[in-house]
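These protein sequence lines are chains C and F, in that order.
When you line the first sequence up against this note's numbering, it's residues 386 to 624, in that order.
When you line the second sequence up against this note's numbering, it's residues 386 to 624, in that order.
Quick caveat, the hints were computed from the structure, so don't treat them as lab data.
The list treats identical chains as interchangeable, and a pair is accepted whether it falls inside one copy or across any two copies.
Think about it this way: if two alpha-carbon atoms lie no more than 20 Å apart in a straight line, the pair counts; the simulated SDA-like pairs of lysine to any residue are: (1) Lys-526 - Arg-392; (2) Lys-526 - Ala-624; (3) Lys-572 - Pro-548; (4) Lys-422 - Glu-469; (5) Lys-526 - Arg-503; (6) Lys-394 - Lys-486; (7) Lys-507 - Phe-527; (8) Lys-526 - Pro-499; (9) Lys-486 - Asp-465; (10) Lys-561 - Val-482; (11) Lys-422 - Lys-481; (12) Lys-526 - Val-498; (13) Lys-486 - Glu-469.
Given next are the chains, with one letter for each unit.
There are 2 protein chains.
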Amino acid sequence: MSTELSRVKALTFDVFGTVVDWRTSIIRDLEAFGRRKGIKADWAELTDDWRGAYRPTLNKVIKGEIAFQRLDDLHRGVLDGLLEKFGVKGLSEADKVHINKVWHRLHGWPDSVPGLTRLKRKYLVATLSNGNVALLTNMAKFAGLPWDCVLSAELFRHYKRDPEVYIGACDMLCLKRDEVMMVAAHKDDLQAARAQGMKTAYVERPGEYGPRPAPYPKLDFTADVEAKSLGELAEKLGA
Amino acid sequence: MSTELSRVKALTFDVFGTVVDWRTSIIRDLEAFGRRKGIKADWAELTDDWRGAYRPTLNKVIKGEIAFQRLDDLHRGVLDGLLEKFGVKGLSEADKVHINKVWHRLHGWPDSVPGLTRLKRKYLVATLSNGNVALLTNMAKFAGLPWDCVLSAELFRHYKRDPEVYIGACDMLCLKRDEVMMVAAHKDDLQAARAQGMKTAYVERPGEYGPRPAPYPKLDFTADVEAKSLGELAEKLGA
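Isolated chain C (complex conformation):
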């Protein structure tokens, strides 16, 4: 490990895709829900459309077209439209809340819990996600993710890739920018972190989007560390 990286004291993690496999988790959860309720629908397509609306919806907040709202509320707005589109009928309000909270019930990739547990011995490990605090905290309990603290776009009322999120997280941890390393499976997230002076670690998650192409720009960007799992990241960081 380079001398420069030896200054790193905290790792902040993107969560959706980087730490948890949202796609498989949501499809399985909603298919099981559909079976329990006797509702047939293409839950996989609905899931992919739901996530497909994620960046465009956040971009409306980032561009100031709509006010900041927590991700749970943005998810719900999109969900209501998709339930109509996919012809899912007969749901109570409690059912809709339950479906919307599927984002609180995501499982880690197989290497996530052991990798984080190992990294936590050497570093402060925190989320730095667009998910709201309650979502991330409930997910951590559900999936057993051992965060030291839960940092969220909600705290800064800005979504990644706005610089306020990265700056705010380093400031809240009382660390210098180059003492904090952003960990993500999306290079534009890392590029935005590096622009604020943070260190970066890329974790490859080729299966994140299933059959659809990942909606992230292909960037000519090399992170300070690149790995195929959180275990390999721990190895490379000497944790």
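Knowing the structure of chain C, use the given hints to seat chain F on it.
Here is chain F on its own, set in the frame of chain C:
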């Protein structure tokens, strides 16, 4: 347990005094520091004076006499005066930073880690402290406190007993007020939480202030649950 309390989903904890024994921890830490550096001083008196300045300093923020600053910075302002008062000389800036960060190096009461671990199985357990996020997170790593998330006055830019802190915490957890129980060793903290509709648990910590009287008002206030340890609290809550 009453039906009313069965609605509780999250416990938010006061930390200084309720979960950690700040006084014993700081005196031991600073005495060890003094021996290493060859500095003689009445570290116990300095500790008691330092904590003694806590409420008056926070009250200046609460009354709007000074702007919100994180607790680390308020602690440092008081510390600088006390080092002079107690004739502690020859410290580098790094030494002063180290001393100020003693509030990040506090040990739990003997029942704190086992009690929280038990309560965490049934409830979301979070801090709700005047300590800043970095302080609480570093302390959790130091003392092994298994928080699900770290909530702090810093997030709301108000100090307890301002209502914004209690309201903000329930809102951030996406829970109704009566689904959240404030746990504290100080009844005025609980009274302020109840005024916002939260449930309350009192934990008796008679040793918190050592030989000095506790600087909290004696209130005719009975919490929803009262216990002598976090283990007893878990017992009473069926956790």
